[in-house]
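Engineer: Here are the chains, one letter per residue:
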Amino acid sequence: MRIPCPSCGERGHEEFAYLGDASLVRPDPTAPDAEARFADYVYLRDNPAGALRELWYHAAGCHAWLVVTRDTRTHEISGVEPAKAAALRRQEAG
Amino acid sequence: MAEIVLSPTSAFAGIPRGRSGQTDGPPGVIASERTDLAMATIIARKGQSAALRDTVREIYGLKLPIRPTWVGNDELAFLWSGPDQWLALATGTIGPLSPLRERVGVRAFASFEDAASETTASKALTPPFPTRGRGSPAGGFVDIETELRESIGAFAAISAQGDGRAVLRLSGPNVHDTLAKGLPIDLHESAFKPGDVAITQIAHIGVTIRQIDSSPTYEIILARSLSLSFWSWLVASSGEFGLDFT
Amino acid sequence: MAEQPFRLKQTGRLGTEKPLAFTFDGKRYEGMAGDTLASALLANGVQLVGRSFKYHRPRGIFSAGSEEPNALVELRSGARREPNTRATMIELYDGLDARSQNRWPSLSLDLLAVNSLAAPILSAGFYYKTFMWPSQFWEKVYEPLIRRAAGLGRAAQEADPDHYEKATAFCDVLVIGAGPAGLMAALAAGRAGARVILAEEDFRLGGRLLGDRRRLDGQPSPQWVAQIEAELDEMPNVRIMTRTTVFGAYDGGVYGALERVSDHLPEPLPFTPRQRLWHIIARRTVLAAGAIERPLLFGNNDRPGVMLAGAVRTYLNRHAVAPGGRAIVFATNDDAARTVADLTAAGIAVVALVDPRPRPPSSSIDLADRVGAAFVTGIISRAIGLRQVEAAVVETDRGRTIVYDCDLIAVSGGWNPSIHLSTHLGGKPVWNEDRAAFLPGTPPPGTTVIGAAAGDFALRDCLAEGARAGLDAAEGEGFDGDEPALPEVDPEGTGIGPLLTTTAARGKTFVDLQNDVTVKDVELANREGFHAVEHLKRYTTLGMATDQGKTANVLGLALMAELTGKPIAAIGTTTARPPFTPVAIGALAGHHRGRDFRPTRLTPSHDWAARQGAVFVEAGQWLRAQYFPRPGEADWLATVNREVNAVRTSVGVCDVSTLGKIDIQGADAATFLDRVYTNTFSTLPVGKARYGLMLREDGFVMDDGTTARLADDHFFMTTTTANAAKVMQHLEFCHQWLWPELDVALVSVTEAWSQYAVSGPKSRDVLRTVIDPEHDISDAAFPYMAAGAISVGGIPGRLFRLSFSGELAYEIALPASYGNALIQALMEAGAPFGIVPYGTEALGVMRVEKGHVAGNELNGTTTAHDLGLGRMVSAKKDFIGRTLANRAALIDTNRPRLAGFRPVDRTERLRAGAHFIQLDTEAVAANDQGYMTSVAFSPTLGHWIGLGLISGGEKRIGEIVRAYDPVRNGDIAVEIVAPVFVDPEGVKLRG
Ligand SMILES: [Zn+2]
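Residue numbers (the UniProt record's numbering), protein chains in the order written: chain P, 1 to 94; chain E, 1 to 246; chain B, 1 to 991.
Derived from the structure by calculation, the hints contain no laboratory data. Among the hints, erroneous ones may be present.
The following label-pair restraints were derived from C-beta to C-beta distances [what the hints assert, rightly or not]:
#1 P:21 x E:63: 32 to 42 Å
#2 E:58 x B:789: 24 to 34 Å
#3 B:95 x E:176: 29 to 39 Å
#4 E:176 x B:234: 17 to 27 Å
#5 E:18 x B:682: 53 to 63 Å
#6 P:79 x B:475: 18 to 28 Å
#7 E:63 x B:789: 24 to 34 Å
#8 B:475 x E:63: 28 to 38 Å
Partial chain B-side listing against chain P, Cβ under 8 Å, derived [said to hold, decoys possible]:
#9 253
#10 741
#11 883
Treat the numbers as computed from the prediction; the structure is a model and nothing was measured. In this text, a Cβ means the ideal position worked out from N, Cα and C, and glycines have one as well.
Can you build the whole structure from these sequences, using the hints too?
Structural biologist: Structure (structure tokens):
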């Protein structure tokens with residue numbers, strides 16, 4: 001699989017480390033049910049067939065975390081953006 | 001006890017110079033080590049990217065690249081090394097705190113920067129003051145960390161990398177054939193040009209590669225601790241063409 | 001040396017006439033340059049080349065390509081001995097030495113052919129049925145027996161003396177296969193200016209154009225090929241890779257290919273690899289891999305002398321070899337006429353053309369008439385002959401039986417397009433009734449399948465599709481060009497009959513030649529309920545041999561379709577996976593074997609340590625000095641004891657450059673550290689270091705280390721050697737994804753510094769003479785946990801007053817290139833104090849003596865509380881891992897927690913890995929209370945000590961338990977003690 005890093009260009013997947021679902025948001029530790037939320041956050045994963053936004057780390061390249069939109073059935077990558085930009089956007093959205 | 005005198009040991013100091021691999025005819029690959037380099041990582045502080053680039057341009061006459069390329073010359077170069085991150089390379093064995101700005105100041109780079117086709121051609125600048133030899137008591141490397149902290153520290157975090165990376169220049173008619181045996185990126189002239197930089201790996205060893213000129217000459221920058229493993233790969237991969245280590 | 005009785009004089013297209021000598025089964029023969037081992041053997045009349053896998057049946061050469069199921073030989077000898085090499089793929093070289101395999105005692109007299117008589121027990125599923133009980137018989141009886149009786153060649157016993165390489169290539173258009181379709185595609189794309197790679201498995205370009213007598217633009221086909229090859233050769237943008245098999249298609253236009261660089265030579269030229277594994281990264285791909293001819297089913301269809309019709313023509317036309325003297329042709333298609341014509345042209349008598357189609361083309365009938373061959377509408381039911389075909393039994397459609405004397409049966413049951421690469425990414429093949437073949441379904445993105453691989457077998461179609469596809473691919477990548485003009489092609493018949501399975505076969509009828517799977521086996525599988533293709537495959541092993549059933553699979557499916565009364569389309573196919581043909585493990589490893597298995601990192605003092613005779617140990621990627629033996633020391637323990645004693649009584653030095661080092665800067669650096677460490681760093685004064693503990697989000701410990709504050713907004717973090725990269729990745733994740741709003745910059749500076757621990761009561765005295773005098777390192781100016789800038793000989797560096805040993809100790813850092821000089825300066829300065837270098841063993845002993853946790857305890861399953869580090873967990877702030885670390889089960893004090901251990905009988909040795917069990921309880925898993933994580937012989941105390949995780953931990957100090965170590969027959973009583981064995985008050989640190 002080839003992943004187009006927004007900074008480095010297209011590279012083989014062996015340069016990247018995989019983390020997983022990028023839709024997960026670190027829960028508020030002060031919430032009354034924080035423990036249950038963290039348990040979900042750390043352990044529970046969906047396994048969708050189709051497009052999934054997921055986190056990859058360009059470990060052998062620019063050290064950027066990326067949000068890669070990948071079809072889990074075909075490995076087709078339809079979008080990549082720096083995770084930092086996505087995270088800032090998420091924060092702005094509240 | 002007598003006054004302490006420390007001499008540096010370069011990353012490839014233990015490797016004998018000369019020919020290896022196939023010895024018929026001219027070598028397919030020519031390698032040379034760049035020593036006496038001082039390095040520092042520059043990372044733009046939050047929200048200071050533009051100010052940092054302006055200041056570098058003002059002080060050093062160089063445009064900090066925003067994509068994987070490099071600017072500068074053999075005396076001082078800035079290599080893109082990630083989003084908002086650069087590696088500064090400066091030649092060493094010059095006094096402790098050198099007036100780098102004077103040596104590689106705006107004037108020296110004026111024509112260099114505008115000549116698009118030559119953006120990265122090396123220009124050997126004559127240092128304006130005598131250099132000190134290796135191992136002289138007060139010798140050492142350019143204190144690039146202090147230099148950059150003073151010049152751009154307001155806009156960037158400066159981290160000394162000392163001489164923690166080994167640097168090899170590679171050229172010769174079979175340099176592409178050899179690099180193809182480890183480097184997973186495309187060096188074809190349509191894909192990689194003088195002035196380009198890539199951070200990747202060769203034989204599981206993290207490297208930064210930059211193209212120096214169109215002959216083509218490349219520079220490979222890697223972790224110093226891995227230099228012998230890298231050398232083992234280079235010797236094996238260039239063997240059929242012959243390698244000359246100068 | 002034998003003549004070459006079956007070499008044809010007139011039709012040779014070998015190119016040169018250079019004779020080459022070779023031996024087969026010890027007998028000397030002569031072949032010619034351009035031969036394969038198969039063609040050279042045939043030229044010498046050698047038909048019997050091996051024995052089959054299970055029944056030891058005599059086997060000959062069946063094909064002329066990589067699909068060969070029968071002619072597997074052992075090539076070369078000694079360390080280069082290579083089993084299961086296809087004779088059809090071996091290029092002849094002078095001095096080639098090959099042997100038949102799987103025969104005993106000799107090829108012609110094979111006593112194990114008696115297996116044939118035991119056929120009833122060796123039928124499908126016999127493994128599952130016969131060897132069920134008793135289970136220990138597997139290892140001792142059944143397996144050795146089966147291995148002796150059934151099997152393929154023998155691997156070399158010695159290490160492979162050759163080297164292998166891996167390489168990467170990029171192109172706009174990858175053309176796989178250089179037959180007529182591939183050649184035209186490469187030409188079209190190349191002329192348009194695209195970067196083209198043309199990969200061909202054979203050592204010559206041309207494909208069927210070499211094996212057939214065709215005319216293109218009035219020229220013989222090899223001449224036309226040579227002309228195209230010359231033009232391609234001239235194009236700098238086209239790279240022709242012969243002897244290169246593209247064996248796998250992967251996501252994103254990545255292909256695996258194996259280049260057999262030196263397999264055609266006795267041994268590789270100096271500095272040249274035997275094989276090179278390519279990663280080809282292609283923007284577009286044209287798959288023109290051709291097709292593999294299908295055998296036909298009849299009794300004894302495995303006898304030497306039964307050969308695919310296309311292979312017969314290849315041997316005649318390309319290699320100038322007569323594969324027999326008297327032939328019969330059995331085919332379901334119009335292509336048979338070409339076989340008859342070529343045989344006749346070579347002077348080989350064709351006794352009959354057997355065609356089962358009720359309405360055969362008149363051209364075939366006329367041709368047979370013209371050459372004096374009988375034309376029979378019917379089938380061959382059986383071959384006669386033991387080691388070689390002697391006759392064929394033909395059943396006509398009118399119910400007659402005719403026996404034809406012959407020594408060659410050329411068969412063609414249609415073609416299986418080589419669609420393998422189009423299915424590697426999940427594309428499902430589609431059955432096409434007209435062409436009686438599976439055609440590619442949805443090929444991978446950017447891939448076009450053309451020519452015979454797409455089921456278009458006519459030459460004119462192959463050429464036209466190649467021209468179109470090559471240009472399309474180039475244009476898709478932004479190049480402009482014209483479609484090359486198509487050559488005029490001689491006329492050809494293209495009729496193909498349906499796939500033939502109904503047989504009146506008598507005798508053993510093979511579906512899978514290499515795995516000895518017969519029609520009966522498929523019938524048995526059906527009777528026993530294994531109808532699904534994947535079940536059929538595994539039950540009968542059909543298609544599971546080294547040829548992956550290239551000639552067998554479709555026949556097997558067709559049989560199953562017929563047995564179950566379903567159409568083939570409903571049966572489906574098994575999944576083709578890479579590699580298309582076998583790939584040596586050596587090629588997959590490439591440069592990375594032996595010392596180069598993975599990169600090794602060397603410390604700045606490595607060369608110096610090696611000169612001192614250090615013994616090294618791997619620590620992650622690093623090689624670290626383990627201990628420094630001196631002459632006269634009895635064993636490693638004596639050395640380590642000396643090193644420990646030196647540090648505890650005077651001074652020692654240890655290279656700690658391998659620790660991960662991360663520079664952290666920014667206005668929010670302190671905030672950032674507070675969030676990633678369990679303890680607080682925002683309160684750390686500038687010029688001080690602090691021990692920090694990091695958790696994973698699930699609450700378990702990830703790593704530990706010290707972090708120093710160099711300025712308000714500047715910290716210097718160290719990590720364990722093993723976790724350096726993992727911690728960096730984690731911090732980047734926290735910074736870029738969790739808290740992008742923080743002003744913080746992170747970068748690894750591990751390589752920048754050579755760093756030495758100088759430890760022991762005399763460490764300050766040593767450093768005082770090394771560090772430039774303007775730096776005050778007195779206890780008052782530079783107390784425990786101080787961090788600051790120093791210089792040595794004018795070289796700026798850093799000093800940290802840290803101690804892992806529990807002694808007065810420092811870590812001194814200079815730029816990496818000065819590490820070699822610094823260790824020598826330290827040794828010189830320490831000489832008056834008897835300074836010793838110490839390695840990781842002594843380091844480990846001292847850390848156990850001090851109860852410091854390390855990798856054995858930071859093993860991913862322990863919490864801060866488990867390790868006795870609960871006091872480092874702040875309750876005042878959030879940090880990674882805080883919420884889940886507080887789960888009830890994780891703070892349960894009965895969890896296995898850190899404690900110290902000493903043997904009740906102080907002379908006994910402790911063993912890491914021993915499990916703790918209460919006294920007088922049974923040593924069973926239910927009674928397990930934890931285990932010993934680290935042990936050391938403490939020269940300070942004079943006995944073995946250990947750290948371990950035991951249920952309840954320090955609550956149980958004073959209790960005696962069993963340390964049970966069944967692996968090493970250990971079972972001793974140990975006392976639970978506090979985990980700090982030496983100087984528990986930490987007096988020595990602060991001296
Ligand atoms: Zn990147």
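Engineer: Hint by hint, say whether it matches the structure.
Structural biologist: Consistency of the hints with the structure:
1. P:21 x E:63: 32 to 42 Å: For residue 63 (chain E) against residue 21 (chain P), whose Cβ atoms are near 39 Å apart, the range 32 to 42 Å holds.
2. E:58 x B:789: 24 to 34 Å: The hint (24 to 34 Å, Cβ to Cβ) holds, given that residue 58 (chain E) and residue 789 (chain B) are roughly 29 Å apart.
3. B:95 x E:176: 29 to 39 Å: holds, 35 Å
4. E:176 x B:234: 17 to 27 Å: Because 20 Å falls inside the window, the suggested range holds.
5. E:18 x B:682: 53 to 63 Å: The hinted range 53 to 63 Å holds for residue 18 (chain E) and residue 682 (chain B), with Cβ atoms some 56 Å apart.
6. P:79 x B:475: 18 to 28 Å: holds, 26 Å
7. E:63 x B:789: 24 to 34 Å: holds, 33 Å
8. B:475 x E:63: 28 to 38 Å: holds, 37 Å
9. 253: For residue 253 (chain B), the interface hint holds, since the closest Cβ of chain P sits about 7 Å away, which is under 8 Å.
10. 741: Holds. Min distance 6 Å.
11. 883: Holds, about 4 Å.
Every hint from the earlier list agrees with this structure, and none is contradicted.
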